[in-house]
Every structure is written in structure tokens, then in C-alpha cells.
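Please arrange chain B on chain A, whose structure you already have, making use of the hints.
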Amino acid sequence: MLSDAQVSRISTLWLIAALLSVLFPIWKQVPLLIILTGCLSAGWRIAILQGRGHWPPFLLRLGLILIALVSVVVSFRPLISLESSVSILAAGYAFKLLEMRSQRDALVVVYIGYFLVATAVLFSQTLLQTLYLMFCLVMLIAAQQGLFREMDTTPVVSSIRFAGLLAFQAAPLTILLFILVPRMGPLWSVPLPDNSGRVGLTDAMTPGDIARLSRSDELVFRARFAADVPPAQQRYWRAVVLDQFDGKTWKQTDKLFSVAAMSQKNWVSKQPVTEGWWKNRLGSYQYEVMMEPTGKPWMYSLGAVGTVAEKSYFYRTMRLASEQPVDSRLLYSLDGMLPRARSVSMPGWLVELNTRIPVVGNDRSRQYALRLFNQAGEDPVKMAGRLLSLFRQDDFYYTLSPPLYDQSSTIDQFLFEGRRGFCAHYAGAFVYLMRAAGVPARVIGGYQGGEFKEDENLIQVRQFDAHAWAEIWVAGQGWLRFDPTAAVSPQRIASGLEAAIGPAETFLPDSPLSLYRYRQSGIINRVRLVFEKAEYQWQRSVVNFKQDQQEAFLRSLLGDKDFYWRQATALALGVSLILAVLSLTLLYRRQSLPPLQKLYARFLKKMARKGFVPRDGEAELSFARRISKSDDTLAEPVMSFCEAYIQAAYGENGSEMHELKRLLTRF
Amino acid sequence: MKRMPAAAIRQRYHQWLDRRIPPAPRVTLDQQRIFILPTIGGYIWLSVTVLIFILAANYANSLAFGLSFFMVSLFMLSILHTWKNLAGMTLVSKSADSGHAGDLISVHLQLQSGGRGRQSVRLGWPENEQVTYSFETNQDFTLQVKAKSRGWFRPGRMKVESVYPLGFCRAWSWVQLEMHTLIYPRADFSHPVPSLLGVGEESGRQTRSGQDDFAGFRRYKETDLSGHVDWKGYARTSELNTKLFEEPLGHQVKLCLQHNPGVSLEDKLSVLAGWCLECEASNRPYSLSVPGTELAANIGHKHSKECLETLALFASGSDRAPGIKRSGGERAE
Numbered sequence: 004m005l006s007d008a009q010v011s012r013i014s015t016l017w018l019i020a021a022l023l024s025v026l027f028p029i030w031k032q033v034p035l036l037i038i039l040t041g042c043l044s045a046g047w048r049i050a051i052l053q054g055r056g057h058w059p060p061f062l063l064r065l066g067l068i069l070i071a072l073v074s075v076v077v078s079f080r081p082l083i084s085l086e087s088s089v090s091i092l093a094a095g096y097a098f099k100l101l102e103m104r105s106q107r108d109a110l111v112v113v114y115i116g117y118f119l120v121a122t123a124v125l126f127s128q129t130l131l132q133t134l135y136l137m138f139c140l141v142m143l144i145a146a147q148q149g150l151f152r153e154m155d156t157t158p159v160v161s162s163i164r165f166a167g168l169l170a171f172q173a174a175p176l177t178i179l180l181f182i183l184v185p186r187m188g189p190l191w192s193v194p195l196p197d198n199s200g201r202v203g204l205t206d207a208m209t210p211g212d213i214a215r216l217s218r219s220d221e222l223v224f225r226a227r228f229a230a231d232v233p234p235a236q237q238r239y240w241r242a243v244v245l246d247q248f249d250g251k252t253w254k255q256t257d258k259l260f261s262v263a264a265m266s267q268k269n270w271v272s273k274q275p276v277t278e279g280w281w282k283n284r285l286g287s288y289q290y291e292v293m294m295e296p297t298g299k300p301w302m303y304s305l306g307a308v309g310t311v312a313e314k315s316y317f318y319r320t321m322r323l324a325s326e327q328p329v330d331s332r333l334l335y336s337l338d339g340m341l342p343r344a345r346s347v348s349m350p351g352w353l354v355e356l357n358t359r360i361p362v363v364g365n366d367r368s369r370q371y372a373l374r375l376f377n378q379a380g381e382d383p384v385k386m387a388g389r390l391l392s393l394f395r396q397d398d399f400y401y402t403l404s405p406p407l408y409d410q411s412s413t414i415d416q417f418l419f420e421g422r423r424g425f426c427a428h429y430a431g432a433f434v435y436l437m438r439a440a441g442v443p444a445r446v447i448g449g450y451q452g453g454e455f456k457e458d459e460n461l462i463q464v465r466q467f468d469a470h471a472w473a474e475i476w477v478a479g480q481g482w483l484r485f486d487p488t489a490a491v492s493p494q495r496i497a498s499g500l501e502a503a504i505g506p507a508e509t510f511l512p513d514s515p516l517s518l519y520r521y522r523q524s525g526i527i528n529r530v531r532l533v534f535e536k537a538e539y540q541w542q543r544s545v546v547n548f549k550q551d552q553q554e555a556f557l558r559s560l561l562g563d564k565d566f567y568w569r570q571a572t573a574l575a576l577g578v579s580l581i582l583a584v585l586s587l588t589l590l591y592r593r594q595s596l597p598p599l600q601k602l603y604a605r606f607l608k609k610m611a612r613k614g615f616v617p618r619d620g621e622a623e624l625s626f627a628r629r630i631s632k633s634d635d636t637l638a639e640p641v642m643s644f645c646e647a648y649i650q651a652a653y654g655e656n657g658s659e660m661h662e663l664k665r666l667l668t669r670f
Numbered sequence: 004m005k006r007m008p009a010a011a012i013r014q015r016y017h018q019w020l021d022r023r024i025p026p027a028p029r030v031t032l033d034q035q036r037i038f039i040l041p042t043i044g045g046y047i048w049l050s051v052t053v054l055i056f057i058l059a060a061n062y063a064n065s066l067a068f069g070l071s072f073f074m075v076s077l078f079m080l081s082i083l084h085t086w087k088n089l090a091g092m093t094l095v096s097k098s099a100d101s102g103h104a105g106d107l108i109s110v111h112l113q114l115q116s117g118g119r120g121r122q123s124v125r126l127g128w129p130e131n132e133q134v135t136y137s138f139e140t141n142q143d144f145t146l147q148v149k150a151k152s153r154g155w156f157r158p159g160r161m162k163v164e165s166v167y168p169l170g171f172c173r174a175w176s177w178v179q180l181e182m183h184t185l186i187y188p189r190a191d192f193s194h195p196v197p198s199l200l201g202v203g204e205e206s207g208r209q210t211r212s213g214q215d216d217f218a219g220f221r222r223y224k225e226t227d228l229s230g231h232v233d234w235k236g237y238a239r240t241s242e243l244n245t246k247l248f249e250e251p252l253g254h255q256v257k258l259c260l261q262h263n264p265g266v267s268l269e270d271k272l273s274v275l276a277g278w279c280l281e282c283e284a285s286n287r288p289y290s291l292s293v294p295g296t297e298l299a300a301n302i303g304h305k306h307s308k309e310c311l312e313t314l315a316l317f318a319s320g321s322d323r324a325p326g327i328k329r330s331g332g333e334r335a336e
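Those protein sequences? They're chains A and B, same order as listed. Each residue of the first sequence is one higher than the last, beginning at 4 in the working numbering. Each residue of the second sequence is one higher than the last, beginning at 4 in the working numbering.
Because the hints were derived from the structure by calculation, they are not lab data. For glycine and all other residues, C-beta sits at the position ideal for the given N, C-alpha and C. Hints are supplied without guarantee of correctness; some may be wrong.
Which residues of chain A face chain B? A partial, calculated answer using Cβ under 10 angstroms [as the list claims (entries may be wrong)]:
hint, residue
1, 106
2, 117
3, 125
4, 132
5, 151
6, 166
7, 169
8, 172
9, 174
10, 187
11, 191
12, 547
13, 548
14, 578
15, 581
Covered stretches of chain B, going by a simulated chain A footprint (3 or more residues, C-beta under 8 angstroms) [claimed, not checked]:
hint, segment
16, 38-50
17, 68-80
18, 83-97
In isolation and in its complexed conformation, chain A is listed as follows (with noise of 0.2 angstroms):
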């Protein structure tokens, strides 16, 4: 029935409908004029509905076809990507509306929406996509089976109702399927979400021309610690070592340092690090981390790991770094380490990169160094110190929005000038004065503190909690870790950017709908903390539930002898008792028959064994009778039920089913 049959009204509004919801999650990937011409051509549709428009000639429909080619092209650099693929599977799905008049064109329509559905979970995971995707599924389904009913007056509840209950029954099987179905490796490799656009951290830090630092509550990682938890103020999070300054712009470099006596095997290590320059003893923090995709390779950790997760590298810098850019959600488990202070050492071409700063430029600041280290002592920790408490005093302020240094002496102009700014001045400026002290100095990037959640023992981490930091390198301690901002603003350090920045600025003010703004009232707390461990909870154990930890999960539950024969007999098994359970239920149909109804029917299948059928019409006691004419030894026992029989069902007395039941186990 697959046919040119004309799709009635009530369908084809439902074919726009689910049109319309499941363009709605990937309209951020689409160029807009798609977006545009998608909605026009839904809006023509319900025109030509009405009765008040025509089928668009094929020219305009030729035209809008390379609009959505054109803005393709345009918008795409490169050309092919899964963005543009899905532009233009969207582009199609709305243009087929426009010329869909028979069943055949409108299940198209649909399969497409599938598809689409397929797509938006490549860009994003997350619960409530998966919700509202599931809503998708189900108006799809409502679309597609009012293709096949033929009644014009479909109501819309029990259309939804049924498609809803529809995904309900097919939820057993698709859990089943879920968990037990062998995951494939990719066949091919494909291109990827493009994640350049996201906000977060960078390897290359210029304060000086940052005039407001956005601030974004978009989830960065989550760690997981299996027994203790770091407290606040020893949360620092590193991702980057900014080790390089060009009088404007802090880079990480240390992917390209090749020295002829350093192998990169030797600076970058797969192994946890145990020997060569340092030795490590074992930190008190084991800890999981998943950390959401950011397009750029490095990955977090709390310092020196005695573990180094599959796919990455252990920098010298003391920085872990996936060998791909992280494209896709990631989960990777840590056993904290702690170099031991005396093991580590320093080659001198290291030293010489960590003290280097351009040959010109911040001079007054260079002198202040000198200065300043020769007051201490040449001790670089109580020159460390006596920085400290310069940035504490009052005239250095800790804020989001500082003033531009866009100068060519960018230090010299916060330091002596401006004094306004955050993290990353102070972090920069300290580690410029340190390096012009001739102590071997770096900054930092990563992100400080972060949202404990107790009854998980997680800690959450946003992106405005990131953050930038110093380290010194002091012979004999190894590298130490300073913090100036930590100065300048201690409430940043142990309780947040929130109470740092105080009543004067806005905690939030590109996201005025973010949950987290609103942490203070207690309802929109409760369910935003309820909100995020469910999200948690469906990250850890549905969507990252992939081959390995599918395999690692099906192990531990069906043992490891003859795995595979083991889960392919549970799933034969499995699908099968779904289905026998499903058939029962769907195809069972209750015979509601009063009980000396039912009685009766199991005399006649009594009967029916020894061959004896009614025939039409023919009324009980004739039909006991025919059969005592024609087998003697039944005759007593089949004319006593039916006497039995004819008097509880048409007599005047109440029946008197036992002796029915006792009649009946005669024969």
C-alpha cells in the first residue's frame, strides 16, 4: 500500500510538525539561510493546506534547491564536513515537503527525520537533547502512522498517545539491543563536529588585550575521586604550560622542543613516570575524569600521574595531552602522584628557556626584578614572597573587566599604571618579573576549584572557573606552584569567581538563564543539583557506554569463559523472551466468558477429542443426546453434565458449579 495514494490534511500537518522539532536541535550547525528557507517552505505548505497557495513551479523550487547549495558552499570551509552533510540532508528534508503529495514521497519525509534525529546526537548527548530527541521520535512516529490510517479526523491525543506508547513497548528490545549488541569499531574515518567555535582555555594567553573576560557556565569536566578530595584552595586543574613570552603573548611550546640530547621519547612519555628526572611517591587522590569535548588535545590533571590514560602523552611539563584533539567526550582515570622534591632535576637548555623574555620592552619592570631580588636575598622563594605581598596591597584589584595594555610594554603598564586585572595579569606579571630575575619561571593555564558535590564525590568544573597560575623552579624543591591572584583576591582561590568579583559586576551576564546564576534559591538549586547527577549519571553509564566499557560491563556480568558464545546466547535468548513476552501481551485475547461459559467450553474440547462437534445450531441437550446414540460409555456421563448444565444455566436454582466441575472430570 506503499502508493501514489495522496497524503490526507491531518498527516501532512503532522509531517510538518515533526519537521519543524526536528530541525530545532541542529539549527546551530546549519547555516541560517537554510534555517530560513526550511521554515518558508514548511509555511508554504501549510499555505497550499489552506487552499490559499499553489505547488511551487519546478524553476523555484530549482531556486531554493541552490540557495541551500550556495549557503552550503559558502558557509563550509572545509567543504566537507559533517556540519555541510547535515546541512544539506536538511536542506533536502525541508524542500521534499514542497513537493510531497503521495504516501511514497511523505515516507521519505520521515526516513529522512530519522536520520536527522541520527545526526543531532553526533553534536551533542546530553539528557535533555536525548529527551527532547525522544519526543522527536515519537512525533515522527505519530507522522508516520497517520500515513496509514485512512480516517481524515485523526484525533491529535490519541495519535501522540498511540506513538508514544508505541516507543514505550519498543524500549524493552532497545535496552536489550543496547547493552548486549557488540559495538563496532568505525569502518572508516569521517569527519568529526567541528569544535573550533567552542569558548575555553587556549595555549597562548594575551591579557593585555582582553577588555572582558566572557564568562560562561558551560561544563568543562567533571572528576570523579575515589576516597579523599582535594580541598578548595589545592584544586588547581592544569591543562597548559605557558613557558614562552614574546612581550605580548604567553604560548605553550614545549610540543616543539627538540634538543638534540632530549629524544622526544624522553620529553613526552607514555608510561607514568617513575624515573629519568624525577622520582614520584604516590599523592593521596585517584580520581575519573570526563571531560566534555573541547577540539584541542590537552587533557586535566591535578599534576604528576602514575597513570597515563590510552591515546595520550605525559609531558616533562607535567601536562597530560590526548594524540588527537578531544572531539568526543572523554573518560580517563588517574592515580595521583607526587614527584618527590629532591628527585627532580633540570637540564641547563631547559633552564635557559624558562627564564627567557624578550631583549626589549618593560624595563621598569625589569629593574624592579633586579631589584627586588637582590632585597631578597637572591632567594627566589622570598622574592616570590615579597611579589606576593606587593600584589596584596590595595591598589591592586582583582576584576573581569580590567583596561587595555595594548602598549608595547604590557607589564610595565599594569604593573605601574593600571594594577587592574585578572588572573592572567597577575600570573603573567609574575612570571615575567621571576624570569627577570633570572628564576626559572612559568605560567600555568587551567582552571582553579570547581563545584564539589558530596554525595558523589565529584567535583564539577565550569568554564568560568578557569584560571592561570605560576611556577618557579627552586633548586633542590623542584618546581613550586604560586598563585598571585590567590594575593590579590583570596576569596577567587577558596570560594570562586562568584565572591570574587563581588556585588559590582554580574557573576553571569552572558547566560541570564543559566541555573547556576540562580544558586542562591533553594527549589532552583535542589533541581539543578538533582538535574546535574542525573546528567552525570546518563554521561558515565549510557553515553560512554562503548566498546570497552561495553565488553569490561558484559565480563563481570557473564563471565569470562566462552564470552562470546555467552553473549551471543544471551542475546538470542533475550530478544526471543522479549518477543514471546511482547506477542503475549499484544496478541493474547482475553476471553472474558462468565464461568459456566467456560465450563461448557472445556466440555466441548472435552467432546471435540473424541470427535464430536456441535453442529450449527444444534442446542445442547441434542447434541448430548447425539452423542449418547453413538458412544454408549459416554452416554451417562455426558447426559448428567448437560442435565447439570442446562439446569444452572436456565434454571430457576443458583448453579452449583463444584458439581459441575465434578461432572466434568468423568470423562
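Just chain B, lined up with the frame of chain A:
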């Protein structure tokens, strides 16, 4: 070994179908009678599912995997739902109007829902009218079917099908309902009735004396000759009546298979059927004689029915209703 020609295969198939779904006056669709297979739409759906599975594998995306599993589950579920849409439904043949071969015959059927709502069930004879019904309770309906040949009305197997709810699978059944309806031979009016031709012994008696033999009135029927209408009475009472005349016995027409202009037997029967109708319309008594059956001259609805039935069944191989003829073990329904 000879290759089996298509016709033989078809015959085999029909024999198998006859064993599986024997003709009956009422047929309840159950496991034995419902067939189900995926439609083209269903196959396309499965290929979309495979595409999404590959997409999921390439992106190692759990939710895309989940979606493809959901789509497979939906497919499996739709098999059950489509089947359920037909299962337990009963078709009852109520009656069919008699007619002539080549006419459209109205077949009256009843659909019994079996206590379950049915959606978009399509039924009918593939080469004739097909209708689509949705119903909650029992529903009567009428189908127009073209009668192919005279004799007992055998419209062949009726197709009952449904792809509801999602169009992935088509469940169908070929139902043969027994109908106790005779199809008369096609009426051929191209030959004049024998008496007018001069073949009968009462040749030349074209007109009748009329008034003397006036017998009474009856309500006007469309087939009545306008000359017999009681126009005077109509003017008086505005009731349209037809005057009846007692035809003298000598005016009767003898219709005989042997003296008949047709070439083949079917043609001859057609001509006879036409003559019967013509005589009936012009109110002349007629007798019918075919080998084995002689019907005395008479007139009236009952007589014409008798004559037409004789013609319908003449040498058709079966002279009894198919239901009675049915042999073999009685089936418990």
C-alpha cells in the same frame, strides 16, 4: 523432468491455498490464514537503520547506536501490530444479489471486529473494487464485483490486507467466502423472440384482442410496456398502475435450446435468457425446454427466476449450492 509452467505453479498455489483457507460462509482470520511480509517501505526502513548503525560505529556514538536499535525494535514491534490488526477479525458473507454474467454484482458482507478496533483494513477482489475500512464494532458493507460466468457465483478469493500502523509490513489473507447466489447467463437481446419471427406455431399473432382478457391491475413497474399503463386511472387517482391481461394459452411462446440461433452453447443460453426477459417484459407466457428440463408455459417473477436458474445451471457441472457439495471432514468452526 519437464519444467513446470507458470500456470501449473499457479494451480499448485491455489490448491495449497484451498487446503489452507478452505471456502466457508464465515472466515475468522488467524495464524493459519494471515500471511505477513515486509513491504518495500519496510526494507528501506531497515536499510536506513543499517546506515545509522554504520554512522554510530564510525562516530563511536552510543546514542546513535541506541537509535538504530530503537528502529529495529520498532520494526519488530510493527510486525506484531500489523498482524494484530487483522487477527481475530471475521468476515461473514451475508448475501449477494443475483445478476447476469458480466454484470456488477453487489456482494453484502459483514466485518466482525472481534472486540478490537481495526484500522485501515483494505478488502476486495484485486481486479474489482477495493475498499478501506476502519471499524471498532461490526460493520456491514457492500462490494461491487463483476460476475464472470453463469452458474454459482464464484468471485474468487478476496484479499484482506493491512499495513497499519507503520507500513513496514503487509499482513494479508486470501479469503474465499461461499455465496449462494446464481449468476444467470448474459442476456442477449439481439435476436427477436421466436413468435415474432414466425418460428413458433402461433406465428403472425402479433396483436392481442386485449380488452376481453383484461384481468386486473397491478402496481406499475419500470419494465412494463407503456401501452399497458392504466392512464385513465392515473388521471383519476394519480396512481400509476398496469393493466394485466389474461393471455390466452394459444399465445404462449415456446423457448427451446435446440431451435436457437446461437453458435456455441453459451451464446444459445444467452439468447434464451434474453428471450425469457423479453417475454416477461411483454407479458407473454413462455415455456422453456432444455435437455433434461422442461418448464411448462407460465409467466411471472417466480417462473422467470426458475427459467433463468435452469439456464444458469444448465450443463455447468454443478447443480447444487457449493456449500452442500462440500465433501470431506466437517470442520469445527
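Hints, one by one, checked against the model:
| no. | hint | verdict |
| --- | --- | --- |
| 1 | 106 | 8 angstroms, holds |
| 2 | 117 | 6 angstroms, holds |
| 3 | 125 | 5 angstroms, holds |
| 4 | 132 | 9 angstroms, holds |
| 5 | 151 | 5 angstroms, holds |
| 6 | 166 | 9 angstroms, holds |
| 7 | 169 | 6 angstroms, holds |
| 8 | 172 | 5 angstroms, holds |
| 9 | 174 | 8 angstroms, holds |
| 10 | 187 | 4 angstroms, holds |
| 11 | 191 | 7 angstroms, holds |
| 12 | 547 | 7 angstroms, holds |
| 13 | 548 | 5 angstroms, holds |
| 14 | 578 | 8 angstroms, holds |
| 15 | 581 | 9 angstroms, holds |
| 16 | 38-50 | holds (count 5) |
| 17 | 68-80 | holds (count 12) |
| 18 | 83-97 | holds (count 6) |
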